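Peer 1: Single-letter residue listing:
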Amino acid sequence: MNITKNKAFVIVLPLLLCCLFYSSVHATVIKVGNDKTYKTIKEALQQANPGDTIIISKGIYKEGNIVINKPICIIGEDYPVLDAEFKTEVLSVKSSNVVIKYLQIQNSGRSAMVDEAAIKVYDENNIIIEGNKLINNFFGVHLQYASHCIVKNNFIKASQKEEYESANGIHCWKSDSLQIIGNTIYGHRDGIYFEFVKNSVIWRNISQNNLRYGLHFMFSNKNAYITNYFSNNGAGVAVMFSKEVVMMNNTFEENWGDAAYGVLFKELSDCYLSGNKFLRNTTGVFFEGANRVTVENNTFIGNGWGLRLQASCMDNKIERNNFIGNTFDAATNGFLTLNYFNENYWDKYEGYDLNKDGVGDIPFRPLSLFSVIVEKNPPAMLLYRSFMITLLDKSEKILPSLTPENFIDNNPRMKPYTL
Amino acid sequence: MIRILKYVALDILKNKIVIAYTIMLALFSWSAFGLEDNESKGILTVLNIVLLTVPLVSILFSTIYIYNSNEFVELLVSNPVKRSMVWKALFTGLSISMVAAYWIGVGIPLLIYANFATAIMMLLAGSLLSVIFVSVAFLCSTLTRDKAKGIGISIMLWLYFALLFDGLVLFLFFQFADYPIEKVVVLLSALSPVDLSRILILLRLDVSAMMGYTGAVFQQYFGSSWGLLVSFGLLCLWVFVPFYISLRKFKRKDL
Amino acid sequence: MISIKNISKNFGKLKAIDNLNLELNKGECIALIGPNGCGKTTLIKSILGMVLPESGEILFDGKSIKNDNDYRNYIGYMPQIGRYPENMTIGQIVNMIQGIRNTQEALDKTLYEQYAIEKMLDKKMRTLSGGTTQKVSAVLAFMFQSKVLILDEPTAGLDPISSEILKEKIIDAKNKGKLILITSHLLSELEDLVTQVIFMQEGKLILHENVNDLKQKTGEQTIAKSIIQLLKQGKA
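Residue numbers (this note's numbering), protein chains in the order written: chain A, 279 to 697; chain B, 35 to 289; chain C, 4 to 239.
Hints are computed from structural coordinates only; laboratory data are not their basis.
No experiment lies behind these values; they were computed from the predicted model shown.
C-beta atoms are modelled at their ideal positions from N, C-alpha and C, and glycine is treated no differently.
One thing to keep in mind: the hints can contain errors.
[Stated by the list, open to error] Derived lysine-lysine pairs resembling PhoX-like cross-links, with alpha carbons at most 20 Å apart:
1) C:Lys127 - B:Lys40
2) B:Lys287 - B:Lys40
3) C:Lys69 - B:Lys287
[Said to hold, decoys possible] Just some of the chain A residues that point at chain B, by a computed CB distance under 8 Å:
4) Phe364
5) Tyr507
6) Gly603
7) Asn655
8) Pro657
9) Leu661
10) Arg663
11) Ser664
12) Met666
13) Thr668
14) Leu680
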């Protein structure tokens with residue numbers, strides 16, 4: 279549904295921008311540098327006409343806050359360094375149709391009052407931010423009320439130790455039709471942050487070692503995130519209060535910790551997960567108040583919990599996934615389960631397949647008694663792998679009495695899918 | 035002592051039960067690693083062997099062996115040998131053979147298949163468990179002269195450590211679910227060598243994060259290298275105390 | 004050589020030894036007799052330090068045996084039923100005891116040779132008959148030229164020839180001036196061996212006399228008859 283829409287964006291938006299540049303093809307090129315016409319960027323900006331290109335040579339520019347208030351193209355040569363010495367915001371974009379490329383922007387101010395960023399876009403459209411290095415800033419890229427913007431191939435890194443003194447790598451607020459592509463983000467609070475953003479695509483980004491979430495997604499409907507890689511983030515990835523989100527072929531890896539999740543789904547509906555890999559997370563996917571989510575063709579390997587479905591979830595479909603080597607494949611805190619499991623591969627399945635159709639002849643119950651106990655009484659996890667627990671689990675398998683009746687996969691596969 | 039030890043150890047090592055035990059351990063662990071498709075599952079299967087079979091065989095075999103070697107002990111004591119020497123030699127001999135059986139049966143596949151640090155941890159924990167239950171067997175056999183009673187006591191003790199203790203802990207969890215009893219439970223688990231070694235191994239197996247707050251408390255107490263020393267110290271105490279009590283009793287015992 | 008002073012030992016309510024005093028000297032061959040459960044074995048075990056008396060003390064060459072192990076270097080002990088580690092061979096047992104004793108003196112190998120132990124060195128203890136096990140026990144008891152020999156039912160289970168060999172060995176030891184303490188149910192067996200008789204009943208010493216004195220006193224020809232005579236007289 280909305281994938282196609284997003285794909286349309288990816289194609290249409292560059293075309294639009296091409297037209298834009300074509301119209302201003304007669305614009306002049308202004309050079310900034312020690313031995314050039316203009317020594318400072320601010321001077322050059324003042325002299326430039328809309329549609330001009332400013333080329334900044336290699337060097338260190340400590341000019342404090344630079345406001346871009348006309349449609350212009352700023353391109354760095356050999357990554358000139360724009361250093362704000364922890365005092366101010368660096369680039370404030372207050373015009374539409376701006377291109378910012380190949381700059382190294384570092385040490386922005388740290389004020390949480392005005393959300394200082396390396397590059398901040400105020401209520402503008404058609405901005406391209408590409409190939410920059412944003413080092414040690416408060417916010418990396420900050421978009422508010424922006425639309426049709428492209429943030430592409432930037433390298434964004436921060437090294438704060440505490441959450442409160444750190445902000446997000448790519449922060450998007452009340453925006454529309456964004457493309458966040460191929461960025462690499464380390465060490466921020468949230469790698470990518472979306473709030474009230476719609477019709478956008480997040481594609482091929484790497485978000486690692488961020489203090490809180492690799493991706494933080496709230497009140498953002500109709501977005502897609504595809505082929506991203508999230509690992510070792512403090513709390514994994516959180517997708518909350520959103521509708522119609524598509525997630526495909528992402529990898530969620532090594533998010534270990536007491537409150538870390540591969541993906542946390544909270545108050546989410548009508549979403550589609552396919553082809554994702556959840557590897558070695560404390561919890562692969564945590565569902566809380568999630569409805570009508572389809573989870574298919576995903577791989578869950580080596581997680582503490584593969585899936586945790588809180589009682590507040592209903593009408594979710596979990597089909598054709600691989601569950602391999604998880605401590606618990608699934609857990610729930612309720613007695614009534616209104617979700618649907620079918621044709622998954624569970625490596626804990628011990629049934630048989632007499633007619634050799636690849637589907638086990640007896641149903642599989644992914645919920646072990648111990649997982650139910652732990653859900654009610656988390657400290658009981660201390661008894662994991664003890665003989666008594668093994669006995670309890672076995673007897674429950676033979677005579678199910680405490681685990682929910684319909685938490686069941688009626689067609690468990692005998693062999694894993696190749697995904 | 036060395037000479038007595040040599041013969042005792044030789045005698046036990048040639049015992050058919052020890053050989054059968056070694057073969058059984060080897061069969062279990064090779065098949066665990068061979069049949070399970072991933073290493074961590076294999077390790078968990080082996081963990082079950084370590085936590086169940088090793089204590090059971092150690093305590094049962096040792097108890098029976100001690101009762102059966104009554105006359106042998108008499109023979110030695112009638113010679114110019116210190117009583118404590120005889121007892122220590124017997125203990126060392128039994129411990130060595132149980133540990134050897136464990137190393138040959140479980141250790142080799144473990145070192146081949148598992149991650150080195152984890153393997154070392156399991157080897158250590160398993161060896162200590164073997165010796166602990168040999169030590170407990172010595173205590174059992176000094177509690178009563180009656181062989182049947184002694185074996186009964188040792189089986190009861192095994193059942194207690196392997197099963198009932200955990201039941202008790204679970205019961206406590208549910209009974210006091212509304213209170214912050216994590217620290218108490220962590221402390222309590224140190225009272226059972228089986229639980230202590232299980233949790234030590236689990237902490238190495240990455241599931242610690244799943245243990246929530248209790249796990250964090252445990253990690254904090256026993257996960258650090260200092261805590262590791264403390265917990266191994268505790269396990270050593272489990273070796274030392276029952277044996278020391280039995281030694282004191284044996285010194286005053288009429289043969 | 005061995006002085007037993009006022010020792011008592013209870014097993015629960017049973018008084019196994021009741022305030023016993025004894026003086027055992029070298030060159031004697033003493034028969035320790037009495038009905039079943041009279042405390043013979045308990046006395047032997049007390050001397051060997053295997054049973055610890057509740058009161059009284061035992062002196063060996065004037066030194067208390069409490070907390071001492073070395074005096075057992077001078078004692079050869081042959082138990083009533085010798086049970087040995089099943090999987091050890093005779094050779095290993097012999098070696099082990101030699102090692103424990105760690106003696107510098109030459110070993111007495113007469114019994115070893117006479118019982119042809121050499122041929123059986125590789126046999127495992129568990130395969131041996133009761134008689135053969137007794138032979139091994141005898142060999143071990145006599146091997147170390149001990150000053151004191153304590154033999155608990157030495158001839159039980161032995162065939163007549165072996166029994167005879169053992170008796171000769173005992174007489175030989177007596178002639179060498181050793182102290183020998185023998186218990187046996189069969190008094191006739193002891194007839195030509197012993198020089199003294201100790202008779203015990205219910206943990207008490209009833210009689211400790213020279214054999215010749217005893218025979219003279221009762222006018223009987225054998226020890227057995229003398230004892231019965233005494234019992235009948237009610238003296239005992």
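Peer 1: So, for every hint listed, does it hold in this structure?
Peer 2: Hint check results:
1. Taking the CA atoms of C:Lys127 and B:Lys40, the gap is near 17 Å; set against the 20 Å cutoff, the hint holds.
2. Proximity of B:Lys287 to B:Lys40 is assessed by CA-CA distance (about 24 Å); at most 20 Å being required, the pair is judged violated.
3. Distance check on the hinted pair: C:Lys69 and B:Lys287 sit about 14 Å apart at the alpha-carbon level, within 20 Å; holds.
4. About 35 Å separates the beta-carbon of A:Phe364 from the nearest beta-carbon of chain B, more than 8 Å, and the hint is not met.
5. Proximity of A:Tyr507 to chain B is violated relative to the hint, the smallest CB-CB distance being about 21 Å (cut-off 8 Å).
6. For A:Gly603, the interface hint holds, since its Cβ comes within 8 Å of a Cβ in chain B; the closest pair sits about 5 Å apart.
7. Proximity of A:Asn655 to chain B holds as hinted, the smallest CB-CB distance being about 5 Å (cut-off 8 Å).
8. Proximity of A:Pro657 to chain B holds as hinted, the smallest CB-CB distance being about 4 Å (cut-off 8 Å).
9. For A:Leu661, the interface hint holds, since its Cβ comes within 8 Å of a Cβ in chain B; the closest pair sits about 5 Å apart.
10. A hinted interface residue such as A:Arg663 counts as satisfied when its beta carbon comes closer than 8 Å to some beta carbon of chain B; here the least separation is about 6 Å, so the hint holds.
11. At about 4 Å, the closest approach between the beta carbon of A:Ser664 and any beta carbon in chain B falls short of 8 Å, and the interface hint on this residue holds.
12. Checking A:Met666 against chain B by beta carbon gives a least distance of about 4 Å; that is within 8 Å, so the hint holds.
13. Here the hint on A:Thr668 is kept, as its CB sits about 7 Å from the closest CB of chain B, short of 8 Å.
14. Against a cut-off of 8 Å between C-beta atoms, the interface hint on A:Leu680 is violated, since the closest Cβ of chain B lies about 13 Å away.
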